[in-house]
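**Q** Protein chains in written order, with our numbering: chain A, 1 to 291; chain B, 1 to 124.
Honestly, the hints are just simulated from the structure, not real lab data. From the three backbone atoms N, C-alpha and C, an ideal C-beta is built for every residue, glycine too. Heads up, some of the hints might be wrong.
[Said to hold, decoys possible] Simulated pairs of lysine-lysine, DSBU-like, Cα-Cα distance not exceeding 35 Å:
1) Lys91/B <-> Lys120/A
2) Lys5/B <-> Lys172/A
3) Lys120/A <-> Lys61/B
4) Lys41/A <-> Lys91/B
5) Lys120/A <-> Lys41/A
6) Lys44/B <-> Lys24/A
7) Lys91/B <-> Lys24/A
8) Lys120/A <-> Lys44/B
[Claimed, not checked] Label pairs and their calculated CB-CB ranges:
9) Ala77/A <-> Thr123/B: 45 to 53 Å
10) Glu19/B <-> Ile67/A: 15 to 23 Å
11) Asp17/B <-> Asp112/A: 24 to 32 Å
12) His271/A <-> Leu65/B: 41 to 49 Å
13) Ser163/A <-> Arg120/B: 19 to 27 Å
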Amino acid sequence: MARISASVYTSHVPAIGAALDQGKSHEPYWARVFAGYEFSKQWLHAHTPDVIFLVYNDHANAFSLDIIPTFAIGTAASYAIADEGWGPRPVPPVVGHPELAAHIAHSVITQDFDLTVVNKMDVDHGLTVPLSLMCGAQDPVHGAWPCAVIPFAVNVVQYPVPSGRRCFELGKAIGRAVRSFDAPLNVQIWGTGGMSHQLQGPRAGLINRVFDNAFLDRLVADPAGQAAVPHIDYVRQAGSEGIELVMWLIARGAMDDVAEVSRGAPPRELHRFYHVPASNTAVGHLILENA
Amino acid sequence: MALDKPYLDVPGTTIFDAEQSRLGYHLNQFCMSLMQAANRARFKADERVYLDEWPMTEAQKQGVLARDLNACIALGGNIYFLAKIGATDGKSFQQMAGSMTGMSEEAYRDMMINGGRDPRWGTV
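Please construct the entire structure, taking both the sequences and the accompanying hints into account.
**A** Pasting the structure below:
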């Protein structure tokens, strides 16, 4: 059977991708961001899974206002890199895992979560920046990401977005789905976005270190408690775009210690990083490994 | 029963909810059209002519022409869509965000380097 070996959490700030793509990663401003991922790159290289289930949000690239799916799972064999208006990022295309993705879609829908199944979409910085941070720069033509990726897009752009509780329960359902796949795959689940930031209005630039660090602590130790926090608390304390953090609860919900059947031990925290700023945003990063 | 919108009193913040989305549909879809290089070129060649192809309100068109992102957001725009205008203009996301705060580009950048805006802003 497939298993979830670890979960990874990280911000997905577009400027991080731009810094990498434009060769600015050694500038002091950016070096402080990338330093927080040195351990992570080595760890991923040594513990490359078969599949990464990558929870992120699309930023008006694959999905316009014509169709706004709350949860969308990518079941395609491959995904092109979106042109977000600056031209596509120069990174390799993303290879999917249609068999596992179709299995998860079937399982999770029968567990009462209404997923939109997507067989064709481009992926934006929400998905590619975490890959770049964890894998390092990759040549767009001769390079490749180290494993298959299943994109899982969450609407956090148009309110109401899914609640923390629903995201956490969805994570549990995804965990059950992975564990019921009849092949010995090593799967990681990544939750991305956040941390505190606001990109709009006179309050743009908001950062809340206290909120962010409390979120990191509680995500590790009391995820069910964090899942009960309502949207408005994120909006008031972490900025209008800080709501992206609910996506981290999907990844956390898939870990063994919160599974309802055969509950495992608490995960080991292998790595934590927090830094302000990357462009308009606080950068947070965690790696949790199932015991 | 009325909808619960507890975010309406958050200072300096417009939450892009289903109602704002309804108001801004054509404005945001105009922005999406700028993801294609040929459309960016046509828009830059004559912004007014390009905007007139869209069933937007005159106020929305004026907001775009003036690059007044606060006005665009009040009229239903969403920052991720409006960012396509910034991309067309060669602006970074930080320049766009900063333009809504009344601060100079340098002052906004320095605020971020120094830890960002105090989360109590507008409430104390």
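**Q** Is Lys44/B within 35 Å of Lys24/A, Cα to Cα?
**A** At roughly 29 Å apart (the allowed maximum being 35 Å), Lys24/A and Lys44/B satisfy the hint.
**Q** Hint says 24 to 32 Å; check whether the CB-CB distance for Asp17/B and Asp112/A agrees.
**A** Roughly 25 Å apart at Cβ, these two residues keep to the hinted range, so it holds.
**Q** Return holds or violated for the Cβ distance of His271/A and Leu65/B against the range 41 to 49 Å.
**A** holds (48 Å)
**Q** Please verify whether Lys41/A and Lys91/B have alpha carbons no more than 35 Å apart.
**A** It holds: about 31 Å lies between the C-alpha atoms, which stays within 35 Å.
**Q** Would you mind confirming whether the straight-line C-alpha gap from Lys91/B to Lys24/A stays at or under 35 Å?
**A** holds (17 Å)
**Q** Has the given pair, Lys120/A with Lys44/B, been kept, meaning a C-alpha gap of at most 35 Å?
**A** holds (30 Å)
**Q** Has the given pair, Lys5/B with Lys172/A, been kept, meaning a C-alpha gap of at most 35 Å?
**A** Distance of about 29 Å is within 35 Å: holds.
**Q** Honestly, do Glu19/B and Ile67/A meet the 15 to 23 Å range at C-beta?
**A** Holds, since Glu19/B and Ile67/A (Cβ atoms, about 18 Å apart) stay within the stated range.
**Q** Determine whether the Cβ-Cβ distance between Ser163/A and Arg120/B falls within the hinted range of 19 to 27 Å.
**A** The hint (19 to 27 Å, Cβ to Cβ) holds, given that Ser163/A and Arg120/B are roughly 25 Å apart.
**Q** Measure nothing beyond the straight line between the CA atoms of Lys91/B and Lys120/A; if it is 35 Å or shorter, mark the hint as holding.
**A** With Cα atoms ~30 Å apart, Lys91/B and Lys120/A stay inside 35 Å; holds.
**Q** Would you check the hint for Lys120/A and Lys61/B, treating anything up to 35 Å between C-alpha atoms as holding?
**A** holds (33 Å)
**Q** Need the status of pair Lys120/A, Lys41/A: alpha-carbon distance at most 35 Å?
**A** holds (29 Å)
Of the hints listed earlier, there is not a single one the structure fails to meet.
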